[in-house]
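2 protein chains.
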Amino acid sequence: MTRSETEPPPLTYAAAGVDDEAARRFVERIRPLARSTHRPEVLAGVGPFAGLFRLGAYREPVLVASTDSVGTKVKIAALMGRYDTIGIDLVNQSVNDILTVGAEPLFFLDYIASATLSEDEKAALVAGVASACREAGCALIGGETATMPDLYAPGDFDFVGFIVGVVERDAIIDGSRIREGDALLALPSSGLHTNGYSLARRVFSVGVGGDPAAERARLERVYPELSVSLGEALLMPHRSYLRELRPLFSHLKGIAHITGGGAIEGNVARMLPEGLAARIDRSAWEVPAIFRLIQREGNVPEEEMWRTFNMGLGLVFAVDPADVAALRSSVPEALVVGEVVRAEGQERVRVEYGA
Amino acid sequence: MTRSETEPPPLTYAAAGVDDEAARRFVERIRPLARSTHRPEVLAGVGPFAGLFRLGAYREPVLVASTDSVGTKVKIAALMGRYDTIGIDLVNQSVNDILTVGAEPLFFLDYIASATLSEDEKAALVAGVASACREAGCALIGGETATMPDLYAPGDFDFVGFIVGVVERDAIIDGSRIREGDALLALPSSGLHTNGYSLARRVFSVGVGGDPAAERARLERVYPELSVSLGEALLMPHRSYLRELRPLFSHLKGIAHITGGGAIEGNVARMLPEGLAARIDRSAWEVPAIFRLIQREGNVPEEEMWRTFNMGLGLVFAVDPADVAALRSSVPEALVVGEVVRAEGQERVRVEYGA
Chain A
105 MTRSETEPPP
115 LTYAAAGVDD
125 EAARRFVERI
135 RPLARSTHRP
145 EVLAGVGPFA
155 GLFRLGAYRE
165 PVLVASTDSV
175 GTKVKIAALM
185 GRYDTIGIDL
195 VNQSVNDILT
205 VGAEPLFFLD
215 YIASATLSED
225 EKAALVAGVA
235 SACREAGCAL
245 IGGETATMPD
255 LYAPGDFDFV
265 GFIVGVVERD
275 AIIDGSRIRE
285 GDALLALPSS
295 GLHTNGYSLA
305 RRVFSVGVGG
315 DPAAERARLE
325 RVYPELSVSL
335 GEALLMPHRS
345 YLRELRPLFS
355 HLKGIAHITG
365 GGAIEGNVAR
375 MLPEGLAARI
385 DRSAWEVPAI
395 FRLIQREGNV
405 PEEEMWRTFN
415 MGLGLVFAVD
425 PADVAALRSS
435 VPEALVVGEV
445 VRAEGQERVR
455 VEYGA
Chain B
105 MTRSETEPPP
115 LTYAAAGVDD
125 EAARRFVERI
135 RPLARSTHRP
145 EVLAGVGPFA
155 GLFRLGAYRE
165 PVLVASTDSV
175 GTKVKIAALM
185 GRYDTIGIDL
195 VNQSVNDILT
205 VGAEPLFFLD
215 YIASATLSED
225 EKAALVAGVA
235 SACREAGCAL
245 IGGETATMPD
255 LYAPGDFDFV
265 GFIVGVVERD
275 AIIDGSRIRE
285 GDALLALPSS
295 GLHTNGYSLA
305 RRVFSVGVGG
315 DPAAERARLE
325 RVYPELSVSL
335 GEALLMPHRS
345 YLRELRPLFS
355 HLKGIAHITG
365 GGAIEGNVAR
375 MLPEGLAARI
385 DRSAWEVPAI
395 FRLIQREGNV
405 PEEEMWRTFN
415 MGLGLVFAVD
425 PADVAALRSS
435 VPEALVVGEV
445 VRAEGQERVR
455 VEYGA
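The listed protein sequences derive, respectively, from chains A and B. Going letter by letter, the first sequence gives residues 105 to 459 in this note's numbering. Going letter by letter, the second sequence gives residues 105 to 459 in this note's numbering.
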């Protein structure tokens, strides 16, 4: 018996599912996308191991950072084979997270992990990121595209974003100036944004490991109350509120981004100082059809809907009642949805009819 | 037939696999871990949607950012039920990435995604992050713990880090001062660090979807050439080089972190200016036993080993030959492994015997 007969076949990294050569090609391919987002502060051509960004002139700069994924909305994107919009979700949710303290975006990094996504699919993900970065004036200065066999099932991926912004220390919006009687205004959401997808997927049995063709067919259904297919409604990108709110920062006393962790009630509570509470009037806006459809199809209890989904509000902010008219004339979309009241007991936020 | 008989059973977010109440408890539990890393620049108690960090006094600050995951090393951690060290990998690889341009860490954010990890397991992950952050003087100012049913298999998780550091613009190490004849020094790695795990897992058939008990038994084997079990050798944390290199930054002309994307050859090439190449002498250090074991068990071709693994070098840096003696006396671990030569043809880095 010769030695070669007893040896296992030679193993290579590529045979193990990781193709370094392809990875290098991919980095070259997405370079122009990243470059399209660059601002003069980006030091290009330096540091292959990191992104460099020269901070401009600030009196007392405070850096503001946040990280998040788009949750299992990736499952909807993968089923629909639509990879070009979910990067918009990724950037916009981060932009909204840091604008809650009055910060403007500086730069962004993304992380894509999958076992089998094609180069085209990954490039579409980055293209979505780049387009939202350009819109926000935020430089895409780095990222990682990880190939992870055995961790992600075929077609699956995770998609994570990191943002850094800046705010002058004396311009931080921290809720401390909120007073009893302040008005609560809101801007509409564009859909589920990036929260509640594990519940929504269960309701419609999509992305839960069933037959992909059947799951796809369910996403293609056009319910009469939606103007688009279920899949398109669920994939609607998370909108950014930067353009609307940036000019108003100095008038905003507190901003809550309505995301996971309790939706309206949980997130509005987070912006309120001790001793104050919020009453929000459910009749001040119409809950969009997609939420009522989810509720009906899943027989989801009303309170569970309000705890899980944004129910039509993407952002809630507190302002002096004297500023309401001026704010609404500059941002006509903004609705008065409630007011700040004295806290009684443990309850911080009550969403009710006729607040 | 009453209406209740035709309705599906009520669905809740918790029934769909996402328990917001548990998520809130978890955030409270890890708060002291994050706080243990804080520096005076961290503005605590502000911004529930983002982390805030006051930048100190710099002449011309350049922010340096990087993101990465620990790759499929998570598979080894999960199989061994060891969640307390992999966070060290996550932080240290990021610290090393940004120190390549001479940056010092400021703050860090982590992202944990899984479907079924327990609170204890997730808290151990964050504890590892916090301990390495304290060691690096880096503040853990945010993070996200995502519960993603249907995306991650039971026991699986992904673990992503994001770091921001700072360097004065005129102190950036960018390789531009590297000259022909400069010495190449290296610091030893502590194991595979965070690269090549998909190949190593294939070689030993661990974390590839086989019977977990059998995979675990293979990790428990103690090979004669290793002083510890295979699993312990594979899980050895990625070491940080910050303590050793920070005092020397002004003497270092270029730094390559030996990670994915071509290991020694690929990463040393990245730090070299046009027209220059590197010759590295394989006999200058002994390749650690774990790499020879992987090679033997997997029958991995020699060149594939050098393309995929760090082979014992964690970091390579270029210095003036006149500085070598002083550098080696302050960092005795540093080995002279090669030199900078004129580039001939396409080849940038040659790793050979007797360079």
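Hints in this document: simulated from the structure, not taken from any laboratory. One or more of the hints may lead you astray.
Unchecked claim - Sample of chain B residues with no beta-carbon within 10 Å of chain A, all distances over it, derived:
#1 Asp124
#2 Arg128
#3 Ser140
#4 Asp172
#5 Gly185
#6 Ala217
#7 Ala250
#8 Asp254
#9 Arg350
#10 Leu397
#11 Ala426
#12 Ser434
Unchecked claim - Computed spacing ranges between beta-carbons, pair by pair:
#13 Pro405(B) <-> Glu223(A): 22 to 32 Å
#14 Val312(B) <-> Tyr457(A): 48 to 58 Å
#15 Pro316(A) <-> Arg432(B): 19 to 29 Å
#16 Arg454(B) <-> Pro114(A): 20 to 30 Å
#17 Val312(B) <-> Glu223(A): 39 to 49 Å
#18 Arg238(A) <-> Arg454(B): 40 to 50 Å
As the list claims (entries may be wrong) - One-sided and incomplete, this derived list gives chain B residues near chain A with beta-carbon spacing under 8 Å:
#19 Val122
#20 Asp123
#21 Thr249
#22 Arg325
The beta-carbon is built from N, C-alpha and C at its ideal position, and this holds for glycine as well.
Here's how the hints hold up against the structure:
A cut-off of 10 Å between C-beta atoms contradicts the statement that Asp124(B) is not in contact with chain A; the least separation is 6 Å. A cut-off of 10 Å between C-beta atoms contradicts the statement that Arg128(B) is not in contact with chain A; the least separation is 7 Å. Consistency note on Ser140(B): stated as away from chain A, and its beta-carbon is indeed over 10 Å from all of that chain's, at 19 Å minimum. For Asp172(B), the condition that its CB be more than 10 Å from all CB atoms of chain A is violated, with the nearest at approximately 5 Å.
Chain A leaves Gly185(B) outside its interface by the beta-carbon criterion, the shortest separation being 17 Å against a cut-off of 10 Å. For Ala217(B), the shortest C-beta to C-beta distance to chain A comes to about 6 Å, within the 10 Å cut-off, and the non-interface label is violated. Its beta-carbon lying about 5 Å from the closest one in chain A, Ala250(B) breaks the requirement of being farther than 10 Å from that chain. Non-interface call for Asp254(B) relative to chain A: violated, since the shortest CB-CB distance, roughly 5 Å, does not exceed 10 Å.
Its beta-carbon lying about 16 Å from the closest one in chain A, Arg350(B) satisfies the requirement of being farther than 10 Å from that chain. The beta carbon of Leu397(B) sits about 13 Å from the closest Cβ of chain A, which is more than 10 Å, so the claim that it is off the interface holds. At roughly 26 Å from the closest C-beta of chain A, the C-beta of Ala426(B) stays outside 10 Å, upholding its exclusion from the interface. With a cut of 10 Å on Cβ distances, Ser434(B) stays outside the contact zone with chain A, its closest approach being about 23 Å.
One distance hint, 22 to 32 Å for the beta-carbon pair Pro405(B) and Glu223(A), holds here, with the actual separation near 26 Å. Separated by about 56 Å at the C-beta atoms, Val312(B) and Tyr457(A) satisfy the suggested range of 48 to 58 Å. Distance hint for Pro316(A) and Arg432(B): a CB-CB separation of about 59 Å, inconsistent with the stated range 19 to 29 Å. Hint check: Arg454(B) to Pro114(A), Cβ distance near 23 Å, so the stated range 20 to 30 Å holds.
For Val312(B) and Glu223(A), the hinted distance range of 39 to 49 Å is not satisfied, since their beta carbons lie about 24 Å from each other. Judged by the Cβ atoms, the range 40 to 50 Å given for Arg238(A) and Arg454(B) holds: they are separated by roughly 42 Å. Residue-level restraint check for Val122(B) holds (minimum Cβ-Cβ distance to chain A is 5 Å; threshold 8 Å). At a threshold of 8 Å, the smallest CB-CB gap from Asp123(B) to chain A is about 11 Å, leaving the interface hint violated.
Here the hint on Thr249(B) is broken, as its CB sits about 11 Å from the closest CB of chain A, past 8 Å. This hint is violated: Arg325(B) has a C-beta 17 Å from the nearest C-beta of chain A, more than the 8 Å allowed.
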